[in-house]
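Starting from the known structure of chain L, fit chain A onto it as the hints suggest.
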Amino acid sequence: GENVEQHPSTLSVQEGDSAVIKCTYSDSASNYFPWYKQELGKGPQLIIDIRSNVGEKKDQRIAVTLNKTAKHFSLHITETQPEDSAVYFCAAITLSGGYQKVTFGTGTKLQVIP
Amino acid sequence: EAQVTQNPRYLITVTGKKLTVTCSQNMNHEYMSWYRQDPGLGLRQIYYSMNVEVTDKGDVPEGYKVSRKEKRNFPLILESPSPNQTSLYFCASISTSGTDTQYFGPGTRLTVL
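Residue numbers (our numbering), protein chains in the order written: chain L, 819 to 932; chain A, 26 to 138.
Here chain L stands alone, though its shape is the one from the complex (with noise of 0.2 Å):
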């Protein structure tokens, strides 16, 4: 089955620097890359995804790249704010037919420091 790993843990930066968090995956047939994000009680929303056939997306402060051969994925958080502090998760999706089994990663708790 899908492994996930994630790092770091946690992670803490000053207001307005940047944020990356890494993603590695195994199993070669999962190609859709969400990330969530997860506030203090409430359950994860979805902030970016990324699909197989594409390296990178972007979106306003937030982008996400994508790395088939090595089985990798990373999300970038630029200008971080205080809001942004939160527990990131990632997770690796085979789409084929419809959603199949879903594997999360552990977790990246950031914290912005303003």
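It is possible that some hints are incorrect.
Distance ranges between label pairs, derived from CB positions [stated by the list, open to error]:
no., chain 1, residue 1, chain 2, residue 2, range
1, A, L36, L, K876, 35 to 45 Å
2, L, E857, A, Y35, 17 to 27 Å
3, L, E901, A, P108, 34 to 44 Å
4, A, P108, L, E897, 38 to 48 Å
5, L, Q863, A, L44, 26 to 36 Å
6, A, T136, L, K876, 34 to 44 Å
7, L, K927, A, E95, 36 to 46 Å
8, L, K886, A, T136, 40 to 50 Å
9, A, G41, L, K875, 41 to 51 Å
20 Å max Cα-Cα, derived SDA-like pairs, lysine to any residue [said to hold, decoys possible]:
no., chain 1, residue 1, chain 2, residue 2
10, L, K855, A, R134
11, L, K855, A, L113
12, L, K876, A, T126
13, L, K860, A, Q28
14, L, K860, A, T47
One side only, chain L facing chain A, incomplete, derived with CB under 8 Å [as the list claims (entries may be wrong)]:
no., residue
15, Y850
16, P852
17, F922
Hints are computed from structural coordinates only; laboratory data are not their basis. The C-beta atom is built at its ideal place from N, Cα and C for all residues, glycine as well.
Only chain A this time, still in chain L's reference frame:
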């Protein structure tokens, strides 16, 4: 408003007492899923359903049952709960018509004594 609802939000029970956590979505999504979240382990998939009457095991199905008799509902059943099932549970539904966005419910915190 598009949403996934779960009930109850908090539950304390005792070992062996059957319980059901309900999940309902109002977005007409085909795919629904249950996860448990434990510190240091992230979210792990328990069961998923690709449509009515179609369910399959995720990574940690032991001790759980599900059913999908209607498109909007996907209850999680613990026939004989044990303390190792103390966790935070999330239900999610997914649109499979283009965006593949997964919408999560607010979570159910279960404690089994």
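Checklist line | Earlier hints that do not hold, by number | finding: Hint check: nothing fails, all pass.
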